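So the chains spell out like this:
There are 2 protein chains.
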Amino acid sequence: MAPPDGAEFPDEFELIAELFAPLAAGAPGALALEDDAALYVAPSGHQTVLTVDAMVEGVHFLPDDPAESVARKLLRVNLSDLAAKGATAKGYLLVTAWRDGTSLEWMRAFAAGLAADQQIFGVVLWGGDTVRTPGPATFSLTAIGEVHEGQMLRRGGASAGDGLYVTGTLGDAALGLMALRGGLEGLGEAHRDYLAGRYRLPEPRLATGARLCGLASAALDISDGLMADLGHLCAISSVGARIALDRLPLSEAGLAALALDKGLIETIAGGGDDYEILFAVPSDREADIALVAAETLTPIVRIGTVLAATEGINLVDDAGQPVALKHLGYRHF
Amino acid sequence: MAPPDGAEFPDEFELIAELFAPLAAGAPGALALEDDAALYVAPSGHQTVLTVDAMVEGVHFLPDDPAESVARKLLRVNLSDLAAKGATAKGYLLVTAWRDGTSLEWMRAFAAGLAADQQIFGVVLWGGDTVRTPGPATFSLTAIGEVHEGQMLRRGGASAGDGLYVTGTLGDAALGLMALRGGLEGLGEAHRDYLAGRYRLPEPRLATGARLCGLASAALDISDGLMADLGHLCAISSVGARIALDRLPLSEAGLAALALDKGLIETIAGGGDDYEILFAVPSDREADIALVAAETLTPIVRIGTVLAATEGINLVDDAGQPVALKHLGYRHF
Chain A
1 MAPPDGAEFP DEFELIAELF APLAAGAPGA LALEDDAALY VAPSGHQTVL
51 TVDAMVEGVH FLPDDPAESV ARKLLRVNLS DLAAKGATAK GYLLVTAWRD
101 GTSLEWMRAF AAGLAADQQI FGVVLWGGDT VRTPGPATFS LTAIGEVHEG
151 QMLRRGGASA GDGLYVTGTL GDAALGLMAL RGGLEGLGEA HRDYLAGRYR
201 LPEPRLATGA RLCGLASAAL DISDGLMADL GHLCAISSVG ARIALDRLPL
251 SEAGLAALAL DKGLIETIAG GGDDYEILFA VPSDREADIA LVAAETLTPI
301 VRIGTVLAAT EGINLVDDAG QPVALKHLGY RHF
Chain B
1 MAPPDGAEFP DEFELIAELF APLAAGAPGA LALEDDAALY VAPSGHQTVL
51 TVDAMVEGVH FLPDDPAESV ARKLLRVNLS DLAAKGATAK GYLLVTAWRD
101 GTSLEWMRAF AAGLAADQQI FGVVLWGGDT VRTPGPATFS LTAIGEVHEG
151 QMLRRGGASA GDGLYVTGTL GDAALGLMAL RGGLEGLGEA HRDYLAGRYR
201 LPEPRLATGA RLCGLASAAL DISDGLMADL GHLCAISSVG ARIALDRLPL
251 SEAGLAALAL DKGLIETIAG GGDDYEILFA VPSDREADIA LVAAETLTPI
301 VRIGTVLAAT EGINLVDDAG QPVALKHLGY RHF
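If you're matching them up, the sequences are chains A and B in order. Residue numbers are given in our numbering: position 120 of the first sequence equals residue 120, and the series is strictly consecutive. Residue numbers are given in our numbering: position 243 of the second sequence equals residue 243, and the series is strictly consecutive.
Hints were generated in silico from the structure; no laboratory data involved. None of these values were measured; they are calculated from a predicted model. Heads up, some of the hints might be wrong.
Said to hold, decoys possible - Now the in silico label distances, taken between C-beta atoms and shown as ranges:
| # | chain 1 | residue 1 | chain 2 | residue 2 | range |
| --- | --- | --- | --- | --- | --- |
| 1 | A | Val323 | B | Gly45 | 55 to 63 Å |
| 2 | A | Gly188 | B | Pro66 | 53 to 61 Å |
| 3 | A | Asp11 | B | Pro299 | 30 to 38 Å |
| 4 | B | Pro299 | A | Arg108 | 23 to 31 Å |
| 5 | A | Glu185 | B | Ile120 | 23 to 31 Å |
| 6 | B | Glu105 | A | Asn314 | 38 to 46 Å |
Don't be surprised by glycine CBs; every beta carbon is placed ideally from N, CA and C.
Work the whole structure out from these sequences, hints included.
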């Protein structure tokens with residue numbers, strides 16, 4: 001890799017020492033990143049939850065996304081998976097495949113993004129691997145969390161009659177991606193910036209997820225879009241669902257976008273990258289949800305009802321009439 | 001991604017169901033890959049060891065390497081990290097970033113390679129992520145193992161006077177890569193095939209590593225080349241070392257290559273991808289090593305001695321005279 005300024009570029013071990021070792025400080029099990037392995041044991045009465053997600057430049061993030069937000073999004077999408085399990089986040093392993101020619105400045109900003117989010121979410125780097133690639137930058141992150149034994153939230157478990165809820169607001173990230181690609185031209189700059197920020201920096205709902213243990217009958221985080229992920233939850237739980245389109249929680253910017261173009265409801269319900277939690281709650285526990293929302297300072301809205309599998313998945317409008325959406329989620333292949 | 005035969009290409013979820021779900025059978029914590037997370041707890045008295053390594057097409061494997069061996073190498077280089085920690089391998093998380101246009105046949109062969117090695121090494125797929133990339137195929141794998149509490153082998157811990165040992169033979173993989181790239185022309189086909197096989201399919205020394213717990217003072221697996229990894233062990237242990245070049249264990253094919261060109265000793269000592277264990281043993285425990293070799297059916301050879309840090313790292317020839325090598329390991333950046 002040609003150093004951009006003619007100076008000698010740090011080798012793998014110098015990069016690890018400069019960029020990553022500081023992120024491992026305070027985690028005894030990271031072994032100061034000297035051992036190419038991390039050592040860990042869950043506290044008594046707990047189980048370990050492991051999850052991994054990858055991001056490829058040009059596929060999962062934009063080539064001109066800032067390095068800080070790429071790193072933070074990578075961490076956050078994995079923390080969102082832990083949140084949807086009701087797990088407490090503890091540490092992570094990081095694989096960075098840097099595109100040839102990546103500047104040291106970009107790498108430093110990437111590490112700075114991780115450092116900022118480590119403070120916010122109380123996680124520490126435990127280990128990883130750093131390589132170079134002639135292709136697009138590719139990152140993957142394995143997040144490790146803990147749940148009380150037997151308390152992990154699952155995708156299967158929803159029953160007909162359960163209420164269906166989501167945290168936060170939907171569609172912001174998908175609209176933000178449109179804005180970053182030059183779409184949504186009629187929308188004001190403040191709204192465009194807000195939506196772009198939601199695309200770049202999801203908010204993992206860790207506190208809310210932890211409070212849902214023992215309360216939600218099924219949960220997942222919305223990464224492929226509401227309709228696609230609802231489909232997963234229903235398939236694995238062997239249930240159907242009815243969703244009231246007018247109940248979908250929208251941000252002010254999302255409402256403004258929808259006012260410009262009613263067709264954007266497709267993007268809101270079908271786009272991805274929300275990283276909000278979709279969950280089901282048995283009807284006799286629904287009264288507790290307002291308390292969870294208040295305690296975790298997180299908006300939670302009921303968007304529908306779990307039905308029998310034979311009912312399928314139905315979208316209805318204000319008047320209870322069926323609505324058809326064309327695109328039911330992001331297709332990876 | 002354009003399906004090669006005009007048929008509809010499976011989407012992400014169909015691929016997971018066909019290729020990966022069978023690899024997760026028998027692991028309750030994999031949750032049938034339905035939950036985008038794995039659930040795990042180490043048995044009482046044990047600690048969990050986590051390690052991750054990535055492989056990029058054109059950097060860590062050749063574009064025409066068979067899919068089976070790419071997958072198996074990916075698993076094995078990570079199992080080798082566990083072996084060097086003395087850990088027992090349990091499960092793994094897999095990230096596959098398939099190059100656009102990868103055929104379903106190639107993906108199936110990749111999964112078949114993993115299935116074959118799962119049988120050999122007793123590990124099971126616990127989870128992962130599968131995405132596409134417009135760049136070179138990129139894979140990463142997080143391996144999870146277990147050690148008895150406090151028994152994990154470390155890189156730091158070697159002391160002056162300890163013996164230095166390696167498992168297996170050195171240099172085969174680096175020579176094999178030369179052969180695959182059209183080098184080593186004078187070498188017979190059987191030898192070339194043997195070396196290529198060692199490049200493509202390393203042998204993780206799990207049984208030997210486990211037996212070294214409580215016996216070796218320091219250990220690591222040789223991935224960057226003997227001299228580079230010896231350098232790491234010495235730096236982290238704050239020691240020096242003397243290595244007898246004529247003691248390096250060579251395969252028959254390695255000996256034949258060296259007979260053709262004495263200069264290949266640089267490749268043997270400096271090349272990478274050996275995935276043999278380099279370890280140090282206090283002099284009062286050296287008698288046990290022959291027993292470990294016999295019990296684990298693994299050749300183990302003493303190649304040198306740990307010295308004080310002030311002595312540096314010395315290579316000596318048959319007559320005990322210093323030898324200089326030009327390249328002391330693979331430089332990643």
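Here is what the structure says about each hint:
Range check, valine 323 (chain A) to glycine 45 (chain B): about 57 Å between beta-carbon atoms, so the 55 to 63 Å window is met. Against the hinted window of 53 to 61 Å, the Cβ-Cβ separation of glycine 188 (chain A) and proline 66 (chain B) comes to about 55 Å, which satisfies the hint. One distance hint, 30 to 38 Å for the beta-carbon pair aspartate 11 (chain A) and proline 299 (chain B), holds here, with the actual separation near 32 Å. In this structure, proline 299 (chain B) and arginine 108 (chain A) break the distance hint of 23 to 31 Å, their C-beta atoms being roughly 45 Å apart.
The hinted range of 23 to 31 Å is not satisfied by glutamate 185 (chain A) and isoleucine 120 (chain B), whose Cβ atoms lie roughly 58 Å apart. For glutamate 105 (chain B) paired with asparagine 314 (chain A), a C-beta distance near 39 Å keeps the hint of 38 to 46 Å intact.
In summary, the numbered hints that this structure violates are 4 and 5.
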